[in-house]
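These protein sequence lines map, in sequence, to chains A and B.
Okay, so the first sequence: first residue is 1 according to the numbering used here, each after it adds one.
Okay, so the second sequence: first residue is 1 according to the numbering used here, each after it adds one.
It should be emphasised that the hints constitute simulated quantities derived from the structure, not laboratory data.
All clues stand as given, with none of them false.
Here are the simulated DSBU-like pairs of lysine-lysine, each with C-alpha atoms no more than 30 Å apart in a straight line:
#, chain 1, residue 1, chain 2, residue 2
1, A, Lys73, B, Lys24
2, B, Lys20, A, Lys73
3, A, Lys5, A, Lys227
4, B, Lys15, A, Lys45
5, A, Lys18, A, Lys5
6, A, Lys67, B, Lys9
7, A, Lys157, B, Lys24
8, A, Lys67, B, Lys24
9, A, Lys227, A, Lys207
10, A, Lys157, B, Lys20
11, B, Lys9, A, Lys71
12, B, Lys20, A, Lys45
13, A, Lys104, A, Lys157
14, A, Lys71, B, Lys24
15, A, Lys73, B, Lys9
16, B, Lys212, B, Lys20
17, B, Lys23, A, Lys157
18, B, Lys20, A, Lys104
19, A, Lys207, A, Lys244
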Amino acid sequence: MIEVKNLRKGFRGVEVLKGISTTFHPGKTNLIIGQSGAGKTVFLKSLIGLHEPESGTIAFDGRLNTKFSAKEKRQWRQEVGMVFQGSALFDSQTVEENVMFPLKMFTNQTQAEMLARVNFVLDRVNLKDSNQRFPAELSGGMQKRVAIARAIVMNPKYLFCDEPNSGLDPQTAIVIDNLIQEITEEYQITTVINTHDMNSVMEIGEKIIFLKDGIKEWEGSSEEMFKTDNETVVSFVYSSNLFKKVRQSYLNETK
Amino acid sequence: MNYIEHIGKYYLMLKQVFRKPQKKRVFYDALLREIEELGLKSIGIILFISFFIGGVIALQTALNLDSPFIPESLIGFAAKRSIILEFAPTFCSIILAGKVGSYITSSIGTMRVTEQIDALEVMGINSLNHLVLPKVIATVTFYPFLITLGMVLGMFGGWLAGVLSGLFSGISYIEGLQTDFNPFLITYALIKTLVFAFLIATVPSYHGYYVKGGSIAVGKASTQSVVWTTILIVITNYLLTQMLLT
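Based on the provided sequences and hints, a complete structural model is requested.
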């Protein structure tokens, strides 16, 4: 579980996050949505420690990350998996080397043990027989799956995904969404996803946080999102005619 | 950002670079890869340039010492001094700053803009130590060999140029090479090489690591890194010469 309390962060005098508080539960897919510039990426990067918050706390299963010793921080890092927007695969390494990298760095496993684990996670993300290919030889969807495999190879307790569907066709996007949700439930990971994709919101959003101008504007499940009368959320989420119709039919059915 | 800030940031970077590697096995793999990338793949260009510049130095010396009162062996002596003192360590290092420096900046810069460095940090890896230390060790250990090869090839190029052109005899050239041999000059050249190798690895790494933006920013950073590495090589060359030879 991740508990965020009154998180604030700014750059050069401009406050980007203005006191965000929320809780993310394990085994659930938590989505952060909002317009561009709302502070989603800064929020996510603050959670994973790439940005130092100016004030506020982030507790990972009761452990405050601001009070971590160097050793605790190293330990905590190994409990975190991250899927970056552009996959961030090491382009000089093969798929196998990419996924094996955290194991090489942080475990004392033999080559055979590491290879077995790599093959297991690659199989889990439906990427068999791609071990010796380089990231440049893979499609966007395959790269995302390798990034997910690398993120889960250390059995993380927390999984963070920054726009995992960006640049993917709708079919592949659903495959990636479902994969993340399955993994989250299967391994009881606390997953936080930063997304613009409203399909993802409808499909896998068990908890959704809507950010606006660095403030948490709204919080709830995808079902609650259908019912909400928060105008900002409604105008953002249901901006397309398709989603307006989907919402209307949902509201008609539940009347 | 002003120069003082850059210098401060550069030293803070070095503080992170010179830490104990987190995993020896991974470090040695990276080191071998860097020796191949930064060292072995530079042998060809250094040998090629050394050979021909050595020839040019000998020919020009011969053409400018066209007097019956000056012994012919002076051509070999002057060529040797020029090659050992300046051409091999300084000129070759400037060539390496262009070839290797732009490679280092663009590869690290691309890692920065494609979030690969963020990925390392999220995993809990000291990215500076992981990326830069193998490059520093590779250049500092390999470039003295490379520059020594450059010296040998340069002097050989001078000999061959004389023999082929008929401007001076090979025997007198070799006699000149052997005249008044001072081993300290080799030490001086290698000390310079070590310092230049350090600059060639760290200055481009600094430009690549702190790049902001996209591919254009990486391109600009590569150019800047070559310019700054060259400037620093020239300045340190002057300072080291002042300190070691005067």
